[in-house]
Amino acid sequence: MSLNKIKFDKKIALSFWIIIIALIIAAPTILPVFRLNLLGRYLSLSIVALGVDLIWGYTGLLSLGQGIFFALGGYCAAMYLQITSSSEFPNNIPEFFALYGVEKLPFFWEPFRSPFFTFFAIWIIPALVAGLIGFLVFRNRIKGVYFSILTQASLLVFFNFFNGQQKLINGTNGLKTDVTQLFGQMVGSESMQRIFFWITAILVIAAWFFAKWVVKGRFGNILIGIRDDEPRVRFTGYNPVIFKTIIFSIAGGLAGISGALYTVQSGIVSPQFMTVPFSIEMVIWVAVGGRGTLLGAILGAVFINYAKSLVSEALPASWMFIQGGLFILVVTALPEGVLGWIQGDGPRNLLQRFGLKRKIETYPSLEVNNKEGNNE
Amino acid sequence: MNNKDLLNLIDITVSFEGFLALNKLNLNLKKGELRAVIGPNGAGKTTFLDVITGKVKPTNGEVIFKGKSLVGRKEHKIARLGVGRKFQSPRIFENLTVKENLEISVTTPKSPLNLINKSIKDEQLNEIDRLMKIVNLAQKVNSKAGSLSHGQKQWLEIAMLVGQKPDLMLVDEPVAGLTDEETDLTADLLKSLSGENTVVVIDHDMEFIRRLDSNVSVLNQGTVLCEGTMETIQKDKKVIDVYLGRPED
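First to last, the sequence lines map onto chains A and B. Each residue of the first sequence is one higher than the one before, counting from 545 in our numbering. Each residue of the second sequence is one higher than the one before, counting from 46 in our numbering.
Note that these hints are calculated values from the structure, not bench results.
Just the calculated beta-carbon pair ranges, DEER-fashion:
(1) B:Ser-192 x A:Pro-879: 14 to 22 Å
(2) B:Glu-62 x A:Phe-865: 43 to 51 Å
(3) B:Gly-222 x A:Val-875: 29 to 37 Å
(4) B:Gly-117 x A:Tyr-690: 19 to 27 Å
(5) B:Asn-105 x A:Phe-753: 53 to 61 Å
(6) A:Ala-570 x B:Gly-222: 54 to 62 Å
(7) A:Ser-862 x B:Leu-170: 52 to 60 Å
Please read all numbers here as calculations on a predicted model, not as lab measurements. By construction, the Cβ of each residue, glycine as well, lies at the ideal position given by its N, Cα and C atoms.
Next up, chain B with everything else stripped away, as it sits in the complex (with noise of 0.2 Å):
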């Protein structure tokens, strides 16, 4: 653990009823880190998430985020803290317009007699015109959400997320279901948002994780099982047994 550090997990531990979900888990993010976290299916990925936003409170350990514990604290207080989570499935406000999805994720302060009282900030109806730029929905400013393709509805979360000015994004399987020019502009996307921000991606795609270029993180049974550039984990001996399969593959 140092200065530099974002993030820190210590000996995380979650256990549903006996198993355990995470066991004894160690991660460090530096500030304006681009992260991979990639993982089989039941390593504890999105447990990881749940951890660190507060919605699963880990059995044993510690996470430090801007030196300050999250455990314990409730999940809209950790988001208000700088930690913002895209979801796996997407996950935005079907009834709402586009607009109207973003405006809630840019409005600050988040209370309720700030909503009722006052008209949005002009600086964040700006925020609001540029994001829409960069995702490509500035055309479907009042559409309903839920009238958005499947790859719209994706980027339209990752907009909420930046939106919301976050010191840590976690993106969870944000191509999932994307064609590969979608793939493609969304891990660009990313890597420009890295830098500024630290970003932790979740996904199975071995080509858009390749394209993100990035430290990776493998999980394997609740437990970091490596660390490196894609290349060294791709010659490492224990991520070919669990997940990355023999070459010939």
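Chain A extracted, bound-state conformation (with noise of 0.2 Å):
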């Protein structure tokens, strides 16, 4: 049985994965280039979905902080832009500080200036402020709902400082990167934008191979176990504080990626990605989406939305009231998201409801028991 439901996992995300490709060759020439920089967008927020699922879906933990991370990394790109795009302003350092009168850069922009920093840190940095974070509350043994509120309670403490410091980081007006160049282009140009879509899409499908490989095998079996019982897996001599530390450490990193590419395709990083709802719709996503199905959590952030920007457009005001839904559907009706109903029972059991599939034998397992009675 179990064999045979593997292999239809397997056909299920292949023909999903057939889907999404065929899709992200096709966007470029079907989508005008606005509709394409909304997918661009939407695809770079899987990323840090994807992240989510790593440390919910798999190893139990539901963060509500995973903005801090993705700010992290949004900021961090767009302070090498704006300082590499710098040189026309007075003191060349970025315009927004001869407003508050500032006429020396800060010290910790200057590494900002090497695009190789920059690179790295915009996965570094929020893999370490993660791992931190993570080794002092995974230490201490704070879980469950505990975890849940501390972490959000960091968001908010970051989206304070954040939103306060105008003289380091513009404050609440945040950093734009739109107008700012890139190896001579302009950041918001058409362009730009396409080659954006491209790396994006190209980072989506290589983070979920990493994933994939993250909890394929025993260290994924760890977490599933930490997840289910995590007495039982100290126990049994592993350290569930290390794993947790790192699981919690990459999807920091994965956010702040996903936090960088969405910067550069939405023009501005502020504050605003550290504000509660945000992180919590991110947890939503991956809720609507499948919960440790990794794919699930991809499609739930691209396509919640998508139809969150075309609803919007059609009937402003509207959304908050449909994800709320959308989120009693899924707790209620489908506690293993979309792509977890689909890979179970879900639509024979739906089919045969409607009269259109027949019903399995009721103890299908007496016969298996019989099979197997001759060795007990």
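Assemble the dimeric complex from its two separately framed chains, guided by the hints.
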């Protein structure tokens, strides 16, 4: 039974992938650049969703603070772009500093002159911050709802800090990237946006492969073990603190990459990335798509956000109701999310309910037991 | 205390806000010994395992295992030193397959790097095969552990315990909810494990304990009431009073 199921799951995953890749390849020619840019943004959000799936779907850590790492990645990218495009401004520093009378570049901006540093900073800084927060929390055996509250509180701390520091990072106004230059081209220009779309598409697939590699095999099984019965893992000789710190750090790094890609495609990074609702939305994408499926996280992030923009254009103000309804639907009717429902017996049960498919025999287990009865 | 002892519990006291779960408990285990621990509810049997495995820190006293003190060590460190535990109700990873459950137990070293980088060693795979045959789960290799019957779950957990290759096995109520036949098989399995391993079995089931044919320690109110063979303790007046009841029962 389980072997057939694995094959079935593989077929589903494969067909989804074919559809996704076909859409990605077709998108730049079909979609107008405005829509393409939106799709690129939502694809970049699917990377942070993959991280949420790793820590929540697999390891059982419900973080409501992924916005911290998302924003950190975005700020790293934006700082680099601002500083490389600041040659015509007073003191050769980004324009906004003049508003607050700052004449000397704050020290932590200096390394962001280097593209190499920035390239690594985008994912390593969020990963390190996540690792540090995670280690302190996990070492003290804080879990469950207390962990969620603590991550949300950290999010608020970061939000308030970034929001209030005009002289360091332009506070609540954030850092604009669309009018900056990258390799002699305007970041907000159509050709650059097309390139960012491709980079995002490739990185989404790479992130999926990476996440798949992390959860396959024994490492992933320990994560599932921690989710289901952490003390048991401990008594078997594993140290859950290290495993949780690693996976939380990985999710932080993915969030950073996601934030950087989102920033260059939306044209700005601001403390709005660290608001409470946005981090909760990330969890909703994964819940709707399907926890512990990876692919569900990607689909959830892209489709929900695309739906959000379409609905908001047609019926402004109604989106919050739809999103709330979607979440309630998932919690009550599809606890495994849409993909989890498809992979489970969901579609067959539905067809049976409408009489479109014959019911399976009531006690298939009897037959199975008879076959194995000789051995017992 | 002497050199042949694997484990010494010396004057262990555990106090939960004034309530003494264990009260100056002393217990010594020889290497290779099979020991049954019985006692009425609330006698401190599970707390006694919690102290050894590091889940509960004793208020007072010392736990010496292989010459090292276990007090204050983290659970996973104690497990790596060679203390394995089977829980009262079967605690297996229900969302993993039987094989994956066993992989978790036989894998060494138990570090993240080893798990993510390397595939499982051949000798560990052989060990998994051997264990699955011992506990009759060979046909269920790729079934989710959650789909097993209660008895099979108990056995899977015993197999996971053996796979960990601990020097000391602590087995908490291994036959709860098993049929008579399964109970007998479990008793034989545990007997065959002692000798090479040191095994402590906690249970209520007197028939099962008798079948183990081992030394028995009787706990009552957090301390060892009596120790000896089944015959000795059955004649002990104190034990009869607190636990076994009068012969006519």
